[in-house]
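A.B. asks: Spelled out, the chains give:
Number of protein chains: 2
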Amino acid sequence: MDITSKNDVIQGPGYGKVTTGPIVGSCKKWSSPPGRPDIRVPYREIALDPSANEEPVRVYDTSGPYTESDADIDVNLGLPMPRAKWLEKRGYARVTPREVLPADNGFATEGQAVAACPAPHDVYSGAGATLVTQYEFARAGIITEEMIYIAHRENACRAEMVQGAEERRADGEDFGAEIPAFITPEFVRDEVARGRAVIPANINHPELEPVVIGRNFLVKVNANIGNSAVTSSAAEEVEKLVWSIRWGADTVMDLSTGRNIHNIRDWIMRNSPVPIGTVPLYQALEKVNGVPEKLTWEIFRDTLIEQAEQGVDYFTIHAGVRLQHVPLTAKRTTGIVSRGGSIMASWCLAHHRESFLYDHFEDICDIMRQYDVTFSLGDGLRPGSIADANDAAQFAELETLGELTKIAWAKGCQVMIEGPGHVPMHKIKVNMTKQLAECGEAPFYTLGPLTTDIAPGYDHITSGIGAAMIGWFGTAMLCYVTPKEHLGLPDRADVKVGVITYRIAAHAADLAKGHPAAQLWDDAISRARFEFRWQDQFNLALDPDTARSFHDETLPKEAHKTAHFCSMCGPKFCSMKISHDIRKEAERKDGMVQMSETFQEHGARLYVPQEEVVSAAK
Amino acid sequence: MDITSKNDVIQGPGYGKVTTGPIVGSCKKWSSPPGRPDIRVPYREIALDPSANEEPVRVYDTSGPYTESDADIDVNLGLPMPRAKWLEKRGYARVTPREVLPADNGFATEGQAVAACPAPHDVYSGAGATLVTQYEFARAGIITEEMIYIAHRENACRAEMVQGAEERRADGEDFGAEIPAFITPEFVRDEVARGRAVIPANINHPELEPVVIGRNFLVKVNANIGNSAVTSSAAEEVEKLVWSIRWGADTVMDLSTGRNIHNIRDWIMRNSPVPIGTVPLYQALEKVNGVPEKLTWEIFRDTLIEQAEQGVDYFTIHAGVRLQHVPLTAKRTTGIVSRGGSIMASWCLAHHRESFLYDHFEDICDIMRQYDVTFSLGDGLRPGSIADANDAAQFAELETLGELTKIAWAKGCQVMIEGPGHVPMHKIKVNMTKQLAECGEAPFYTLGPLTTDIAPGYDHITSGIGAAMIGWFGTAMLCYVTPKEHLGLPDRADVKVGVITYRIAAHAADLAKGHPAAQLWDDAISRARFEFRWQDQFNLALDPDTARSFHDETLPKEAHKTAHFCSMCGPKFCSMKISHDIRKEAERKDGMVQMSETFQEHGARLYVPQEEVVSAAK
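Those sequence lines, one after another, are chains A and S. Numbered by UniProt numbering, the letters in the first sequence go through residues 1 to 618 in order. Numbered by UniProt numbering, the letters in the second sequence go through residues 1 to 618 in order.
What you were told as hints is all true, and nothing was included just to trick you.
Copies of the same chain look alike in the list, so a pair counts if it fits in one copy or across any two.
Straight line, CA to CA, 20 angstroms or less: simulated EDC-like cross-link-like pairs of lysine to aspartate or glutamate:
| no. | residue 1 | residue 2 |
| --- | --- | --- |
| 1 | K29 | E55 |
| 2 | K429 | D174 |
| 3 | K331 | D523 |
| 4 | K331 | E167 |
| 5 | K434 | E173 |
| 6 | K331 | E54 |
| 7 | K577 | E293 |
| 8 | K331 | D581 |
| 9 | K429 | E173 |
| 10 | K331 | E531 |
Hints in this document: simulated from the structure, not taken from any laboratory.
Starting from the given sequences, assemble the full structure and let the hints guide the process.
C.D. replies: As structure tokens, this is what we get:
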């Protein structure tokens with residue numbers, strides 16, 4: 001599985017050693033929405049063999065400037081800032097950022113320290129402004145540039161409605177979602193205003209290429225990254241981000257702990273074109289040397305501001321873990337498996353007090369609104385085993401999250417809700433139904449779920465099954481699981497397999513929902529397959545490098561890339577080749593349909609009717 | 001992914017170089033049904049750490065004698081014959097086998113020839129006998145030894161009903177299946193008599209350890225193997241079988257083509273403890289040099305007898321591809337993708353005649369009944385792309401398969417039905433519903449289905465999603481797909497990944513159906529996880545070698561196998577460790593439930609009710 005594309009060369013000056021260059025067979029392009037030449041939306045274009053006589057295939061592109069053909073990346077300088085001029089117009093106050101303290105970097109000493117990222121970064125605050133969050137703009141009836149960008153992006157930059165879109169929508173089963181044939185900026189605004197979609201976009205993250213998360217849009221995928229125990233350079237951490245988005249992660253969560261956590265996050269933010277999420281509780285815990293009961297609201301509050309100023313786009317906040325929920329986990333098979341959940345439960349029990357996150361929830365809202373940091377309300381009590389799925393603790397927390405969602409909306413914040421976990425297939429649907437009902441249709445963001453516990457080493461698959469299903473039912477974003485889940489730290493190959501598996505799940509969900517354009521991709525690759533356009537088949541694959549290398553293991557010669565057969569059946573047995581022969585033969589014979597009708601009219605009655613047979617068999 | 005267990009040594013004399021020895025951490029054992037000490041049913045036992053204070057875990061074992069701890073395998077001698085004495089009593093006529101012709105081995109010349117398998121093999125025919133097939137015995141109210149064996153095997157050799165079985169059944173969703181808490185031989189008989197289950201068990205396959213395929217039993221998995229272009233030894237081919245069943249394939253299809261096909265099949269049969277399936281059409285086509293229109297009923301008939309005498313347990317017969325169906329494929333995106341289907345369609349068109357398989361279906365039944373070869377009615381018109389799913393061609397064929405099922409039953413044969421293919425998630429359910437209705441609840445045996453076309457290189461995953469779902473809906477056996485699907489020939493690593501992926505799908509389906517014992521395995525591994533019994537977690541994994549090696553990549557030391565944390569979060573952040581602390585703390589505090597009640601009674605009203613907030617947010 002350790003396959004890298006020809007362009008996976010590590011390039012760039014200084015610290016800038018990250019993977020750059022296009023995915024093999026693809027080309028990054030840009031398109032502007034009608035009347036807005038100033039807004040440039042990226043997409044990935046896959047050109048087909050001239051023999052196909054088909055338009056190139058356009059697919060959604062998460063990878064940022066790194067996949068430009070002449071990518072000139074220097075992580076010291078950070079990425080271009082497509083949002084800078086939009087934000088400028090909104091007139092937020094430029095503020096003096098909070099001073100970085102030794103605790104912010106885990107008291108890293110001279111020898112251990114990762115330097116601060118030198119990329120320029122002015123800090124703004126929306127305090128006092130009437131409209132800061134995308135939710136506030138949306139409710140005020142204002143369409144932001146982010147919304148225009150997103151509409152064009154979701155349409156794969158098409159100016160016109162996709163042909164046959166209505167038929168494909170009707171053909172799907174969307175469980176009450178309302179996916180339009182064509183996404184307009186007004187539709188995006190309306191969905192955000194209704195709380196049914198979020199646009200995680202901190203006003204201090206101008207480098208962002210905006211993304212929408214909601215069940216009436218394409219299903220999104222999140223990948224988790226985090227620092228290693230020994231970090232040799234900041235570029236290594238940036239590379240984890242770059243590698244994840246190269247293969248299709250729509251957002252990335254930085255779950256780093258320990259030393260240099262502040263500075264590493266800065267490197268990631270300044271070099272990320274996708275929304276970055278964090279769990280501020282992890283850093284807060286570092287500041288009290290990892291002892292949960294020493295956590296205080298003041299330390300947590302300060303951490304929120306620290307990270308919001310850096311530009312983090314969404315925070316996981318485990319405010320649904322209340323003191324009264326903790327005893328509900330007592331008889332569980334696997335207790336509390338969320339780190340955040342267990343930290344807060346521990347705090348509640350130690351102090352025998354209500355969680356400070358719950359008690360200060362309105363204060364948290366006020367801070368997050370100031371920077372437009374989106375809530376990702378954490379499921380600290382998610383089940384960690386099949387045995388604990390959908391239990392009282394899990395659903396009690398979900399009800400609390402519903403309560404908190406409404407408070408956050410009232411405070412002007414954007415909200416999504418995190419979901420399980422380990423859930424057998426037949427118990428997945430009710431998670432979605434209950435989440436929609438309890439949380440007023442706020443977007444659901446789930447981890448898997450894993451549909452069995454018995455396959456450590458393959459949990460990208462056990463969870464990919466659940467992810468595809470819950471995505472179909474309405475989950476807006478799927479948090480990936482790698483093959484190393486439960487066992488160890490994912491390496492580069494694991495991250496790629498995890499992202500690709502979840503892109504499969506997300507796309508399978510889009511197809512099943514009847515997304516108006518999803519099947520165009522499947523149809524293009526299937527035509528390429530049927531017409532023996534091998535190069536097109538590889539290039540259209542989610543992972544062209546692996547597809548090509550698997551083919552080449554058996555048939556390495558260049559000539560085989562145009563062969564009208566493959567290694568599975570060989571030339572004599574190729575069903576597709578025979579299919580072509582059949583088609584030609586049939587065309588010769590004066591039209592197939594006619595032939596069929598003739599046959600059916602004159603066909604002999606070869607067998608007795610079913611009912612006679614059934615009675616004979618009894 | 002190229003991980004082999006410590007016991008994966010290639011052992012044995014002469015040709016006998018196949019993988020032997022137990023799966024790490026497991027031990028093969030046997031158990032006899034009550035009152036039948038002569039019947040020995042294997043199972044795999046996973047012993048747990050003494051600290052667990054738990055019974056060992058018993059799991060279903062497909063692997064045959066190869067995983068015995070003192071396995072003494074010589075493929076020249078073939079396997080022991082557990083069925084020999086059962087078959088002997090039934091008094092079938094020992095016959096002189098059909099003479100092996102040069103065409104049977106693809107005209108292999110001296111230098112190319114694989115020698116015939118020297119293992120002893122008497123050939124029997126049930127011609128004339130009143131009762132030959134398991135279906136005939138079942139309908140006559142007779143419980144065969146195979147049925148007794150299977151009942152004990154499905155219960156994981158438990159003499160008593162599993163505690164809590166009724167609750168677990170009630171907790172599942174089985175879509176009308178009728179899975180009992182405990183499987184009795186009479187239940188097996190009744191299911192077979194109703195045509196709802198099959199026991200593929202050729203009377204010429206005495207080496208078989210009987211297996212049942214039906215939706216009221218554990219979901220089964222099939223793996224496909226086939227000869228390579230250059231075969232160095234018969235042991236290599238046997239090893240493919242042994243490797244597949246080691247990881248959990250319940251049946252194996254030998255899809256070999258070309259030279260030595262007869263002799264290789266003989267080696268496989270004599271060394272297979274699982275049912276072997278074939279597609280006789282492939283060999284028939286070889287006999288006419290790969291030209292479909294030269295096929296004749298006589299050649300096909302002769303091939304059926306040839307393979308039935310060898311002991312093949314089930315035949316894929318593409319009798320549902322009728323002349324009138326062929327034009328229905330004309331407008332498909334990917335035409336006909338089944339080899340058998342395209343061969344027959346080609347024949348029909350070339351001769352402009354009805355398929356000889358359809359015309360001679362009753363003759364085929366007569367032959368297959370004589371040896372109790374089970375029908376696997378092939379879906380020659382299965383969709384090869386999302387675009388073609390559930391189309392007129394596919395469903396027309398399914399209706400014909402329903403018609404043929406009743407004929408086969410009337411002739412005393414066992415029948416299962418093959419299914420698609422490529423199907424998006426929302427179109428999977430109707431495949432199952434329609435199959436049950438059209439085919440009188442005969443067992444469904446599906447390939448995947450693949451839920452998207454865009455991920456060649458990962459089609460074990462695109463199809464594992466569909467397989468888990470259709471298994472839940474009622475499919476009795478899932479045909480695996482490897483990562484090489486559409487691209488090349490699977491190697492050893494691919495076969496393992498394919499089998500494990502499909503074991504995941506089958507088990508996830510069993511869980512969701514509410515199988516009374518399935519969750520015991522999940523619960524055991526989850527308890528091991530929560531209690532930091534790392535060795536138990538690895539040993540209980542579907543693939544212990546991979547689980548252990550993934551863990552060791554980050555924490556290789558032996559001491560880490562008893563550590564109360566793992567590499568993902570480290571000791572400070574371990575949620576499970578904190579959970580244990582919480583549990584202890586709560587127990588100290590005079591009972592958790594009591595505490596919870598107290599809190600709820602006196603809890604402050606921290607927030608306004610939801611309805612007030614919602615109206616405020618509007």
